[in-house]
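Novice: Okay, here's what each chain looks like letter by letter:
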Amino acid sequence: MNEAVTNLWSVPLLIIIPILTAILVNLLYNKTKAIRAISVGASIAVLAIAVLSPYGFHWFAGHPAVNSDGTYTFTASVFSWKLSLEYYYGPLQQILIGLMSLLLLFTVLIATKSLSKNLGPYLAIIFLTYVSAAAVLMTNDFYHLWIAVELGSLLVAGLVASSGTAYAQKAALKYTFFSALAGSGLAISLGLILGLTGYVNITDAIHFLMSNDLGGMYAVLYVAFAFLTLAWVYAGGLVPVHPLKSDVYRSAFPHGTVLLQTQSKLMLVAIGIVMLRLFGSLPFATDVMLVISVLTMIFGVVMALIQTDLRWILAYLIVSHSGLVTVGLSLGTYRGIVGGIFQALNDVIYMSILLICCEMLLYFGKGSTSIKFGGGVAKKSPWLAAFAVLGAMAASGIPPFNGFQSELILLQAALEQGLPEVAAVILMVSVSTFVALFRAIYSIFLKPEPEKTSESYVGRFKMPDVVFISLVVLLSISLILGVYPQLAFSFINESALKVVLVPWVP
Amino acid sequence: MIEISLQLLGFIAATVLVVVGIAGMLYLDNLIKKLIAFTLLSDGVNLALVSLGYVQGGIVPILEPDASIFEFPNEAALIFGPGIVLTNIVIGVSTTAILAALIVVLYRRYGSLKASKVLKGDRE
Amino acid sequence: MGSIDSLYDKIKRYLTSIFGGEGSTDAITGYSSGELQMAVFVMLLASLFRIFLIPLGIVLLLGAAIMVAYFAPIIRTVELENSNDLNRVLFWVIVYFSIILAVTLWGI
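Protein chains in written order, with this note's numbering: chain A, 1 to 506; chain B, 1 to 124; chain C, 1 to 108.
Isolated chain A (complex conformation) (with noise of 0.2 Å):
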């Protein structure tokens, strides 16, 4: 078995391009056109690559999982040990960072069109926001997952921040802050992890906890695991950081709010997946992540509800939809993972609808997202009302979009593990995503218009191709999935089952 190592090559370049473009575009800083034609070209790579690449392993240390006779294997599921940093590009990998790349797009190209000023630094940091999310979903080794959730909550300041206004300054300076905790929190967890298995390989780390009895050392897995909890907390904004984080979600421009959504729920995914490996099997880990999510998805659809001001009702539905996430990893099984990862892939899609309509309202109609004064916005542009309508649909769980198939899926998990508690609370959150979104869109959309026209009026505009194409792009997704979701589960069914069976597999 003393073969070529063959390492897969995809995986570099999808670190390595948003990197050197990231340095290329900052360097250009104010020339739009090279910058556009530049970023543009990289997205469209990523996303090739993403969608061409095989499936397979990139070893930092050079060699393939050694057997304990010193050979090397290639067969994941073989008892190996991996004693390297490695990532993994597999299915879920591939679906997951394949929209997270037509998301980059999208929001490059809207990016492009609706700034002028500082455009390279702007974008660069939205290409490196991507690189993080991508590094967390691929790695399998502690220390890239550490790096790339601290690099990741450094980004999103720098995102939220380059907005401008004091606002938004404001959210970045407390959001980083925080991330002072909370990566400290994941260092911490990460040396007990190390001082306790000797492993920095997730794999090789929970084939040392399956094959040896830590005995008295188990509360020092229990500690690890609440300073993961934290750090796991933090990165998807869930409960006691969700002011902060939909501080976050408000404060940037909405295209850039469309990337920092994606990552923080591809983040919540990943990591959430690999607390599920490691510790799975402890009691009370799976019934506190679970707490977590009922709580996140409570607070966050409550503050949406009292909200009058479309961004921050989506803001918070954001947060609440986080919640819709975990709910389903936390619950551990086969079908509650399948419907946690469907979940994060929807949500990401319907909210980059909602959250471009808001772009257009406020950038290009030059107008306000305020309940309080709008109205007649339908008259003046019908299909970005059509879209928002829409969109909130799928948003709210209604058939034949896909929101409906993986809410679905979460209550069956959640009354298959007896439940039904939970299962009611993502039914309401379902409903009253509905209330909220509905309240905002009528008063802004479908309201006949105020006699009195203030500063916040919209005036009759055209939407630009390319948002209209992204929308039109968005929602077909959306649509295709939710009526035939099997073209998502081809892709999940697999880890998930994984996550089940074979936890040391990444």
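It should be emphasised that the hints constitute simulated quantities derived from the structure, not laboratory data. Incorrect hints may have been included.
[As the list claims (entries may be wrong)] Label-pair distances were calculated between CB atoms; the ranges are:
no.: 1; chain 1: A; residue 1: Leu427; chain 2: B; residue 2: Pro73; range: 51 to 57 Å
no.: 2; chain 1: A; residue 1: Ser490; chain 2: B; residue 2: Glu71; range: 42 to 48 Å
no.: 3; chain 1: C; residue 1: Glu79; chain 2: A; residue 2: Met217; range: 40 to 46 Å
[Stated by the list, open to error] No more than 20 Å apart at the CA atoms, straight line, and that leaves these computed lysine to aspartate or glutamate pairs for DMTMM-like:
no.: 4; chain 1: B; residue 1: Lys114; chain 2: C; residue 2: Asp85
no.: 5; chain 1: B; residue 1: Lys114; chain 2: B; residue 2: Asp43
no.: 6; chain 1: B; residue 1: Lys117; chain 2: C; residue 2: Asp85
no.: 7; chain 1: B; residue 1: Lys33; chain 2: C; residue 2: Asp85
no.: 8; chain 1: B; residue 1: Lys120; chain 2: C; residue 2: Glu79
no.: 9; chain 1: B; residue 1: Lys33; chain 2: B; residue 2: Asp43
no.: 10; chain 1: B; residue 1: Lys120; chain 2: C; residue 2: Glu81
no.: 11; chain 1: B; residue 1: Lys120; chain 2: C; residue 2: Asp85
Beta carbons: idealized from backbone N, C-alpha and C, even for Gly.
Based on these hints, arrange chains B and C on the given structure of chain A.
Specialist: The following block gives chains B and C in isolation, referenced to the frame of chain A:
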């Protein structure tokens, strides 16, 4: 005389630093002081990580040509802790830089460094 | 006049007196539905304790129902506790973290 191991002392010092850091971030009102508290916190974490790799009477974890490979794993200090600390220092510096930049921007806008004035929990 | 209408009018008048001003009706729908949601959520969470012991779930559910009725408008408190003040979030995170640690270590 009570024998106190260096590792335990390291952990105690780290705990003190972390607690002082968190308390400073919670209770100090000045943004710069909050920033200093954050650096204390991250130093505490670094100290904890370094102490984690301490081995009583251990050697530097570099395999010399004439060293015995059977004694090396038992005697060498754990290398992972300092490895993580190196990265953590870099991350800490970049976080501090971002925080300092944001504080400068906010100071120019508000003319104050008081968190209670600058970071009020208000809505636009 | 009809009793239902007058009751509705009374509640509406009461709520308008709290949230007066321009565009108040939007706020009222949001706050009242949020209040109802919160009440139901609290009771649901209380009943979740039936996992450990069914009588405990029943007692906590009744207790939660009484608490909700007693502290009626809880939505303002919820809004306040969810404010984006840095120190408040830090405080909640530390409380939360100690709870997680206590629960997980208790599981040994």
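Novice: Take the hints in turn and mark each one as holding or not.
Specialist: Checked hints:
| no. | hint | in the structure |
| --- | --- | --- |
| 1 | A:Leu427 to B:Pro73: 51 to 57 Å | holds (56 Å) |
| 2 | A:Ser490 to B:Glu71: 42 to 48 Å | violated (53 Å) |
| 3 | C:Glu79 to A:Met217: 40 to 46 Å | holds (44 Å) |
| 4 | B:Lys114 to C:Asp85 | holds (13 Å) |
| 5 | B:Lys114 to B:Asp43 | violated (24 Å) |
| 6 | B:Lys117 to C:Asp85 | holds (11 Å) |
| 7 | B:Lys33 to C:Asp85 | holds (17 Å) |
| 8 | B:Lys120 to C:Glu79 | holds (15 Å) |
| 9 | B:Lys33 to B:Asp43 | holds (15 Å) |
| 10 | B:Lys120 to C:Glu81 | holds (14 Å) |
| 11 | B:Lys120 to C:Asp85 | holds (6 Å) |
Violated hints for the displayed structure, listed by number in ascending order: 2, 5.
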